[in-house]
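Spelled out, the chains give:
There are 2 protein chains.
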Amino acid sequence: MQEQHENNRPSRRYFLKTAGAGAAAIAGFSAFSPSCNPASISSAEYEKFFGQGDTILFQGDSITDAHRDRKNGQFNHPAALGDGYAMLTASELLGKLPGKALTIYNRGISGNKVYQLDERWQQDCIDLEPDVLSILIGVNDYWHMRQGRYDGTAGTYAKDFRSLLKRTRAALPDVRLVICQPFILTETSAVDASWVEPFRAYQESAATIAAEFGATWVPFQEAFDNALSLAPATYWAADGVHPSMAGAQLMANTWLNALK
Amino acid sequence: MQEQHENNRPSRRYFLKTAGAGAAAIAGFSAFSPSCNPASISSAEYEKFFGQGDTILFQGDSITDAHRDRKNGQFNHPAALGDGYAMLTASELLGKLPGKALTIYNRGISGNKVYQLDERWQQDCIDLEPDVLSILIGVNDYWHMRQGRYDGTAGTYAKDFRSLLKRTRAALPDVRLVICQPFILTETSAVDASWVEPFRAYQESAATIAAEFGATWVPFQEAFDNALSLAPATYWAADGVHPSMAGAQLMANTWLNALK
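Residue numbers (numbering that gives the first Met the number 0), protein chains in the order written: chain A, 0 to 259; chain B, 0 to 259.
It should be emphasised that the hints constitute simulated quantities derived from the structure, not laboratory data.
One or more of the hints may lead you astray.
[Claimed, not checked] Over the 10 Å line for every Cβ pair with chain A, so calculated as not near, a few chain B residues:
#: 1; residue: Gly52
#: 2; residue: Met86
#: 3; residue: Ala157
#: 4; residue: Val174
#: 5; residue: Ala230
#: 6; residue: Ala247
[What the hints assert, rightly or not] Residues from chain A that face chain B, not an exhaustive set, calculated with beta carbons under 8 Å:
#: 7; residue: Ala78
#: 8; residue: Leu93
#: 9; residue: Gly94
#: 10; residue: Leu229
#: 11; residue: Tyr234
#: 12; residue: Gln248
All of these numbers come straight from a predicted model, not from anything done at the bench.
For every residue, glycine included, the Cβ atom is placed at its ideal position computed from N, Cα and C.
Between the sequences and the hints, there should be enough to build the whole structure, so can you do that?
Below, the structure written as C-alpha cells:
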C-alpha cells in the first residue's frame with residue numbers, strides 16, 4: 000500500500016524533496032492534538048533519535064515475528080510487520096514522524112535463538128543496511144534448553160550475542176543499536192516461578208552486552224513487572240512469553256520511551 | 000491468546016474482582032512513562048468515556064475490516080481486529096486501560112454500504128450488546144454509485160443511516176454512539192478532485208445524523224487534510240480511500256482524541 004520504488008526501497012529523491020518540509024511540518028503536527036499527556040510519548044522526545052530517511056530493522060524471535068507474512072518482505076506494510084510490538088511501534092513512528100520518511104522492516108522469526116539470527120544475518124540484517132537495529136532475543140535460548148531441545152547455556156547466549164554484535168559493528172559501523180530485555184511473566188500457562196532465577200542470567204547478559212556496545216536498552220521486564228499492579232499476568236501475556244494486544248502495546252510504549 | 004471464557008465473553012466475575020484494583024492502579028500507570036506529551040492522548044482524558052467491562056464494537060467497510068480474519072470472531076485478538084485503525088485503537092485502549100477490562104470487537108466488512116450493515120445488524124451488532132458502537136460508513140455508498148454498481152444517492156445514504164441508528168437505539172437504548180466522518184484523499188491512485196463536491200453531501204449527512212443521535216463525532220477528513228502539510232496524500236492512503244499504517248495510526252489518534 001506504501002509508495003514503492005525499484006528494489007523495494009524508497010527513493011532518496013523523495014527524502015531530499017520532503018526533508019525541509021517535513022522538519023518544518025513536525026512542529027505543526029501537534030496543532031490538531033494539543034493535549035498534554037503525562038502517560039505517553041511525545042513525538043518530539045523520540046524524534047531526535049531518528050535521522051532523515053532512516054531504515055529501522057526489528058529482529059528477534061516469535062515475539063517480534065508476531066505472525067508477520069514472511070513471504071512479504073516489504074517495509075512499512077502491516078502484513079509484513081506482523082501483529083506485535085514491532086508493528087505497533089512502526090505505526091506510531093510512521094504516524095507521528097511523517098517528515099522523516101522512515102523505512103521499517105520486521106525480520107523476526109519464531110523460535111529463533113541467537114545462533115539462528117547469526118545464520119541469517121547477512122540477508123536479514125546486513126543487506127538491509129539498517130540505521131537503527133532493534134534486537135529482542137533470549138527467551139528461546141533458555142526455554143529450549145529447559146525443554147531439552149537445545150544444549151546452549153546462559154554462557155552460550157552471551158558468547159553468541161557478543162559475536163553477533165561484533166559482526167554487526169564490523170559490517171555496519173554507524174548502526175544505532177537498540178537491545179531489548181528478554182522477559183517472562185510468571186503465573187501464566189507456560190511460565191512459573193522456577194524460571195525467574197535461571198532466566199535472570201540471560202537478562203543480565205543482555206544488559207551487560209547492551210552497555211558494552213553502547214546500545215539503547217529497552218527494559219521490557221520492568222515494564223511488565225510494573226504492569227502487574229494493573230491487571231494479572233495473563234492479561235499481558237497468556238502463556239507468559241507471547242504478549243496479548245495489551246502486552247504488545249505496553250512493549251511499543253516502552254520501546255519508544257527508551258529512545259528519549 | 001486472550002483469556003477466554005465460555006460463550007466467548009469475559010466473565011463478569013473477573014470484572015468485579017478487578018474493578019477496584021484497576022481504578023487505583025490506573026493512577027499509578029503513568030509512573031513508568033512520566034513524560035508530558037503535547038501531541039498525543041492521555042489515558043486520563045479518554046478514560047472517562049469508558050465504563051467498567053464495556054464492550055466496544057467497530058463497524059464499517061474495508062477501512063474498518065482491514066484484512067481481519069473474519070472466521071475469527073474473538074474480541075481483543077489481533078487477527079480478529081485486522082490491521083487498521085480499529086486494531087490500533089483497540090491496542091491503545093487495552094494497553095492504557097487495563098483496569099477497565101474492555102471487550103473489543105471488529106465487525107467491519109469490506110465493500111459494505113449502509114444498507115449492508117442493516118442486513119447483518121442483528122448478528123453483527125445487536126447480539127454483541129455493545130456499550131460503545133463506532134461506525135465508519137459512506138465511501139462505498141458514493142464510490143459504487145460513481146462506478147455505476149449501485150443506484151443509491153446521498154439521500155439514500157442519509158435515509159438508510161437514520162433508519163439503522165433508529166433501529167439501534169430501539170434495541171440498545173443506552174449504547175454510546177461514535178460516528179466517524181467518511182473521508183477521501185485526492186491526488187491518489189483512485190481519487191481525484193472530482194470526488195470532493197459530491198462526496199461532501201455524504202459527509203454532511205453523517206455529521207447531521209451524528210448530531211441528531213447525540214453521537215461523538217470523529218473528524219477523519221479534517222485530520223487527513225491537516226496531515227497533508229506533513230507528507231503527501233499517498234503517504235497516508237495510496238489509493239485515497241484505504242489508509243497506510245501511518246494513516247491508520249492517524250485515525251486511531253483522531254478517534255481517541257474525539258472521546259476526550
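Hints, verified against the model:
1. For Gly52 of chain B, the requirement that its beta carbon stay farther than 10 Å from each beta carbon of chain A is met, with the minimum near 13 Å.
2. A Cβ of chain A approaches the Cβ of Met86 of chain B within 10 Å, the least distance being about 8 Å, so the stated non-interface status is violated.
3. With 10 Å as the threshold on Cβ separation, the claim that Ala157 of chain B sits away from chain A holds: the shortest Cβ distance comes to roughly 27 Å.
4. With 10 Å as the threshold on Cβ separation, the claim that Val174 of chain B sits away from chain A holds: the shortest Cβ distance comes to roughly 23 Å.
5. Its beta-carbon lying about 4 Å from the closest one in chain A, Ala230 of chain B breaks the requirement of being farther than 10 Å from that chain.
6. The claim that Ala247 of chain B is not at the interface with chain A is violated, since a C-beta of that chain comes within 10 Å of its own (minimum 6 Å).
7. Against a cut-off of 8 Å between C-beta atoms, the interface hint on Ala78 of chain A holds, since the closest Cβ of chain B lies about 7 Å away.
8. Checking Leu93 of chain A against chain B by beta carbon gives a least distance of about 4 Å; that is within 8 Å, so the hint holds.
9. Annotation: Gly94 of chain A was flagged as interfacial toward chain B, and the flag holds, the nearest CB pair being 3 Å apart, inside 8 Å.
10. Below 8 Å, beta-carbon pairs count as interface contacts, and Leu229 of chain A has one with chain B at about 4 Å; its hint therefore holds.
11. Hint status for Tyr234 of chain A relative to chain B: holds, with the closest Cβ pair at about 6 Å, below 8 Å.
12. With a least beta-carbon distance of about 3 Å to chain B, the hint placing Gln248 of chain A at the interface is held under the 8 Å criterion.
Violated hints, listed in ascending order, are 2, 5 and 6; each of the other numbered hints is respected by the structure.
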